[in-house]
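> Model the full structure from these sequences, guided by the hints.
Top line first, the protein sequences correspond to chains A and S. Residue numbering for the first sequence follows the UniProt record's numbering, starting at 1 and increasing by one per position. Residue numbering for the second sequence follows the UniProt record's numbering, starting at 1 and increasing by one per position.
Rather than coming from a laboratory, the hints here were simulated on the basis of the structure. Remember, predicted model here, so these are calculated numbers, not experimental data. There could be a bad hint or two in this list.
One copy or two, it doesn't matter: identical chains are merged, so the pair holds either way.
Below, in silico cross-link-like pairs of lysine-lysine (BS3-like), each with a Cα-Cα straight-line distance of 25 Å or less [unchecked claim]:
# : residue 1 : residue 2
1 : Lys-18    : Lys-150
2 : Lys-56    : Lys-18
3 : Lys-192   : Lys-113
4 : Lys-192   : Lys-18
5 : Lys-135   : Lys-150
6 : Lys-184   : Lys-236
7 : Lys-247   : Lys-113
8 : Lys-247   : Lys-236
9 : Lys-147   : Lys-192
2 protein chains.
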Amino acid sequence: MTTVILLGAGNVATHLYKAFSTAENISVTQWYNRTRESIKTYANEVEITDSLDELKEADLYIMAVSDDSIEQLSKDLPFTNRLVAHTSGSVSMHALDKKNDIAVFYPLQTFSKDAEITFSEVPICIEAIDKDHRKFLKTLANDLGCKSYKISTSQRQSLHLAAVFVNNFTNQLYRIGHEICESKSVEFEILKPLIQETAKKVQEMSPYRAQTGPARRNDKKTIKRQLKLIENEEHKTIYEVLTDSIKRTHGFPPTPKRRVKKDQE
Amino acid sequence: MTTVILLGAGNVATHLYKAFSTAENISVTQWYNRTRESIKTYANEVEITDSLDELKEADLYIMAVSDDSIEQLSKDLPFTNRLVAHTSGSVSMHALDKKNDIAVFYPLQTFSKDAEITFSEVPICIEAIDKDHRKFLKTLANDLGCKSYKISTSQRQSLHLAAVFVNNFTNQLYRIGHEICESKSVEFEILKPLIQETAKKVQEMSPYRAQTGPARRNDKKTIKRQLKLIENEEHKTIYEVLTDSIKRTHGFPPTPKRRVKKDQE
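Here's what the structure looks like:
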């Protein structure tokens, strides 16, 4: 049985707790947070504490705390030579105090309070100095039913950046779709199957091959007509920037720039 | 039994043919295309023709042809007072010649040759002058198992624009994610569950509520660090434009502009 102690109480910590506590070979023996308040609902299932001095021994300490707290919290740990991993996409492994063995256990997924997640579908990015620790974390990911990948700090930071594009920025494009629909009293509902199909397509096919639409075809008439249709200046800029990006990817010259009126410059 | 004659041989026509020919109450009695070549594989299932003069009588003629061909083809039809619908997202219903009864039957989905589609999940946008024709097309959509929506030309054009944002532009963000991964020899594979989850989330929750990440939190440190990480100028511009868009949506001031060197202006 692998014993794990969890530190932190945010979305990642909570999802990790649920995944760990349902896995057969893993036991969460303690859950630490700065304040007991946010984890007290779990007090009947797991020992909770708000004092670092009360931390017991365990095979692994997982720090699922905010990026800014990682360094200080790792310094504050009152023990040495134990395995400590953080779960951040962007913080260097070396932000962790070297009095302990350090590692990263980064689950690449979007976690929210409300949305349920099938944790076994979450890829885990693993980093460690020691080969045995990497193997240990790989087994842990495996026990959760997850695929895991050996990823360096620099690779992880790029993955995290790529995740901002495919998740946060994509979601903002959904938001703009929502705004366009609302402005014409059309139900956003109608776009939902398209949103799912677009995401499904690239599970099998490269995004390069999956591309369709006016920019992919270099269909100047439709592009011009659509630009005229857009009332919101910000939407217009995003339309232009992404249309040019698609064109460049597929070997077409960029759209000639709009003439901006002097007073808008 | 509703009789339908299909005109055109592109992706939409082919997917419509398959959906119509498996529906119980619908019979495709003829399939026209300019050249027989592209539809000849279906010749053993359906009568095919390349001559408009050979077109028979039917309850509905569906023109699934390119936007630019709709007007001329509708003029060339050698009959009057029959129901003719096009399937375009952006062409006005009134591009169709008024010697026939005109309508629009627009399936809002991304159709490619290779990707299989569950047609019953495709929303159909319907427009017609006559109320009975609208009802007829609604029943037709229903026979395909599809939800249908009464949508005006102006609403349909906005939907088509919104579709470019949530489909083509989103797919380009996937492409950029792919490029970032490749540049660091990381498998794009790792991002696929995140891509699916992002699309799944907005099936239940508004994109506004679903948003997470550095821009949503106005996390200036991470934004600055990620901007430094981006090597490609185009990716940088897209990062800035979409970060500012998220910030504006959620009530934060935009990021101060980068200083652009004189020779880059």
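> Take the hints in turn and mark each one as holding or not.
These are the hints, each one checked on the structure:
no. : hint              : in the structure
1   : Lys-18 / Lys-150  : within (24 Å within a copy, 45 Å between copies)
2   : Lys-56 / Lys-18   : within (20 Å within a copy, 64 Å between copies)
3   : Lys-192 / Lys-113 : both (22 Å within a copy, 21 Å between copies)
4   : Lys-192 / Lys-18  : between (29 Å within a copy, 22 Å between copies)
5   : Lys-135 / Lys-150 : within (10 Å within a copy, 58 Å between copies)
6   : Lys-184 / Lys-236 : within (17 Å within a copy, 32 Å between copies)
7   : Lys-247 / Lys-113 : between (38 Å within a copy, 21 Å between copies)
8   : Lys-247 / Lys-236 : both (16 Å within a copy, 17 Å between copies)
9   : Lys-147 / Lys-192 : between (29 Å within a copy, 12 Å between copies)
Taken one by one, the earlier hints all hold for this structure without exception.
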